[in-house]
Amino acid sequence: MEVKILGTGCPKCKRLEQLARQAAAEAGIQATFTKVTDVDQIMSYPILSTPGLVIDEKVKSSGRIPRKEEILGWMKEAQG
Amino acid sequence: MDLLTYLVGLLQGGLGNLASYLAAHVLLCLLPAFFIAGALTALVPKEAVTRYLGRNAPKVISYPAAAVGGFVLAVCSCTIMPLFAGIYRKGAGLGPAITFLFVGPAINILALAYTGVAIGMDIAIARILLSVLFGIGIGLIMALTFLRDDAARDQAGNGAFAGGTEVHKSTWLFFLLLIGLLIAGTLQVGLFTNGYAQFTLPISGMDRFQETLDWLVPFDASLGEEGVTVQGVILILLLAVIGVSAWFGLNSVDEGYNPWTWTALGAIAATVIVAAVKMVPHAGGLEVLITGKMLGILVAMIGLWVVASRYFDEYEIQEWLWETWRFVKQIFPLLIGGVFAVGVIRGLINPKWIQVLAGYNTLLANLVGVLFGVFMYFPTLVEVPIANMFLSLGMHRGPLLAYLMADPELSLQSILITSRVIGKTKTWVYVAWVTVFSTLAGLIYGAWVDGTSPWLLLAYLIIGAAVLAVGLSWVGKRQRQSAATAQVSAH
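Those protein sequences? They're chains S and V, same order as listed.
Under the working numbering, the first residue of the first sequence carries the number 1, and numbering increases by one thereafter.
Under the working numbering, the first residue of the second sequence carries the number 81, and numbering increases by one thereafter.
A hint or two may mislead.
Listing some non-contacts, in silico: residues in chain S with all C-beta distances to chain V over 12 angstroms [as the list claims (entries may be wrong)]: (1) Met1; (2) Ala31; (3) Ser62; (4) Glu70; (5) Lys76; (6) Glu77.
List of simulated lysine to any residue pairs, SDA-like, C-alpha gap at most 25 angstroms [what the hints assert, rightly or not]: (7) S/Lys60 / V/Phe392; (8) S/Lys35 / V/Gln410; (9) S/Lys14 / V/Leu317; (10) V/Lys249 / V/Ser389; (11) V/Lys249 / S/Ser61; (12) S/Lys14 / V/Lys358; (13) S/Lys35 / V/Ser389; (14) S/Lys14 / V/Ile497; (15) V/Lys358 / V/Phe289; (16) S/Lys14 / V/Asn338; (17) S/Lys68 / V/Val124; (18) V/Lys409 / V/Met161; (19) S/Lys58 / S/Val36; (20) S/Lys68 / V/Phe328; (21) S/Lys14 / V/Phe412; (22) S/Lys76 / S/Val39; (23) S/Lys76 / V/Glu396.
Honestly, the hints are just simulated from the structure, not real lab data.
This structure is a prediction, so every number in the text was calculated from the model and none was measured.
We put the beta carbon where it would ideally sit given N, CA and C, even for glycine.
This is chain V alone, in the form it adopts within the complex:
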């Protein structure tokens, strides 16, 4: 009997975790983020970024372009590897290729929005800043370490990087509206969270329904758990409708729309709107509060509809929907399974273990975070609920960031694939640097969380960068000199 209670407890932990991750505010961030990811893939021509990564691009342009390019190009892991190989062999070389490989997974819009909403904006921002900075650093170090190898790359044509495609003006407008949709739904400011009107849906027994839900999935508000609300049930039903209708309506939407397509799109709009209002169950009915969020989302969606129907080709919109649905199909099932599993596992881990291993911002704790990230492979986005679990079990935010930096960058699988492109030596040097830099990122961010002055940290960062730059230019000069002497003596 005890075992049974224990198992039921674990199951409820899984359901509770799933419920709080499918809660309204997470959907408001994830749904727009999927549509943005789809739009980045379908509507932005890759040449818009890759032309800055050609063989002749100066370093000042190619490194930042490689870092930022990840945002546009790396939404899907299946494009990272070919692009990485392409930049390395035919384009700007090892350095920018490594920068691209490092920064890409970290600034993927889905991971970023999800991290921000589920764990905290501070950690999401630290992740962007530090990974761009360190990505460029690692790229430069790798380029100089293997200067001679790099010069001997095959001298194939620059053709793949040419092309002057411009991103169309209406595409920018479309992205602004999509990002507006994301911001209106997630930003916690009075303008969006205030209620402006309310009405009551007369359905009796709503309070008892809520009590039943609380009994099925008990939750502890002090741990930040949310349980399942009546609103949550409506959202889960809508998600089921989207799942079924999108399967028939979006799987081959590039061949044309059908009634299922419109059902799916309608259900998606309804989900976002239901998630944006506030619902309070009473004995007499369901009280619905119209929030600024909902109005903002409504305006953004109408704007998207107008821009899409007026300025875009039908095929572009179809491709956008197809890409978005492809991301959802690829990621969402894994995410649901992962979140459920995390909820179950949380019941099995003793918080003391985590607190002893990574409860404080120490070198060892950050290293443990990184190593855990390397040896555990989690599908895209599942690293976020896992990080959140560690946080609630008492992990310090510093080691947490170290883990979040290392997990998507490095896994045994990605190390193997990388080594097929650039060879074993370079790969292991890269892995070593990523370990060092991720640990460092965790330490710096952890120190900031613990109250160290940001100016002091900035000063350290600048001194560190300066030492690195001087060291690198010295090594670079020596290598160039020795290469020159080698050439002279060969003549």
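In isolation and in its complexed conformation, chain S is listed as follows:
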């Protein structure tokens, strides 16, 4: 599974990455994490505000930090 964190490096983005990594580790899900920091690349996704969470090229959340359980739910859903 491919997890992307969209954000220019603000504290929220770091927190989101931390939560996403924790969620994956706790559920034993194999995932690669990429941080997207380039504004142009971020804007190629349909989001307006960072941080954004993208799982397998689908935007799951933007502009807020979701709960760990939410992230876990999306990861399980993406895993099928």
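With chain S's structure known, arrange chain V on it following the hints.
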């Protein structure tokens, strides 16, 4: 030896400045403002505003929404740029995006409350009114100047702007209480400043303690300096407690509360309450006067507690605390360093220089204010103590407003980032307009301070706006016509 006295004098200047900025009335404004900023970020869904900034939104709605949206969305500079790029490329277009970029930093709740308390409500209000008005103006001008470019933007979907999230009723109540807390603590009316009860804490030697403090940090009351009071020492100790306990209690509060969280929250409540009472040191003890302020703050805090525990999800409150603490961590250390540095620098600047450059409300003086704002980059909120320093050194309030408008809007850094989003030409045209409008804002406000009739100024403003509107619609019509002819001839 002389050099030593000089250096000690500078150091005392820094400490004195720090003391008067951490004084009770500033804390009463800053602490609630940080909590409001946190709540705006954590509790208001961004869609509540962005849905008015979509591609299909009419101009009458998108421009005011972009101006007001800054209040809700732009509390943190890290959200301004992505939103600006988003509104420009996928939403309402260049005009509203520019309005958002211009107004955002000016109506940020932290800067506004701080400016109002430290420099004066008149300047804070002038800053809101003029920046909203001029922000919309600059947005319209930019949109028309680059009409054809704007029409050729990539036609990506409108999806990001959809969504019908409503702001919950309890959220409104929560904001009302937070704003009530801010107002009760800062508004200088009899109801809040009168004392209603008093008692004396029997601690002997308080008067000598105060004398020692005055000797350590001497101050000049005629310059509006306040020195360090016994109350100030208690507040500084409480701030230290908050600093330590919040570090352990709020850094990852979104994972759950711990005993440190409660210590931090208790210390914050205690700080606000101690800042709201009046303390007079006597030989026999410390006299404490219960003011209307303190009662108002107490009522607002109890109200917040009830609303938070009854209507909000635990996670929402945790997120609110986390965002608030994040703002404090990000801004407060810079602010303390900045305020101290400003106090030291004030001792080095000859007031004559400032009076010659910007002592009167002239075109040149306002331009100097703007240029200083562009070439100096100060972190959020530090521009306020700097402005206050200039004011005490004899700067006229007009150029001061020009500086305050330009500093957060324009810095070399923000110009570079903006040009990556909208290109170099547009950025420099934008910079030119901001310079013109900020200078104008300073001139108008300065004229008002100097006693020009507000009606006359209003008349000028209306005439100016009318000329601008007619000119713009004429340019717009011509461009549309030439675009139409170009299309016809292409067929």
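Each hint, compared with the structure:
| no. | hint | result |
| --- | --- | --- |
| 1 | Met1 | holds (23 angstroms) |
| 2 | Ala31 | holds (20 angstroms) |
| 3 | Ser62 | violated (8 angstroms) |
| 4 | Glu70 | violated (10 angstroms) |
| 5 | Lys76 | holds (20 angstroms) |
| 6 | Glu77 | holds (20 angstroms) |
| 7 | S/Lys60 / V/Phe392 | holds (24 angstroms) |
| 8 | S/Lys35 / V/Gln410 | holds (22 angstroms) |
| 9 | S/Lys14 / V/Leu317 | violated (31 angstroms) |
| 10 | V/Lys249 / V/Ser389 | holds (15 angstroms) |
| 11 | V/Lys249 / S/Ser61 | holds (24 angstroms) |
| 12 | S/Lys14 / V/Lys358 | violated (42 angstroms) |
| 13 | S/Lys35 / V/Ser389 | violated (36 angstroms) |
| 14 | S/Lys14 / V/Ile497 | holds (21 angstroms) |
| 15 | V/Lys358 / V/Phe289 | holds (17 angstroms) |
| 16 | S/Lys14 / V/Asn338 | holds (22 angstroms) |
| 17 | S/Lys68 / V/Val124 | holds (20 angstroms) |
| 18 | V/Lys409 / V/Met161 | holds (21 angstroms) |
| 19 | S/Lys58 / S/Val36 | holds (14 angstroms) |
| 20 | S/Lys68 / V/Phe328 | holds (20 angstroms) |
| 21 | S/Lys14 / V/Phe412 | holds (20 angstroms) |
| 22 | S/Lys76 / S/Val39 | violated (29 angstroms) |
| 23 | S/Lys76 / V/Glu396 | holds (24 angstroms) |
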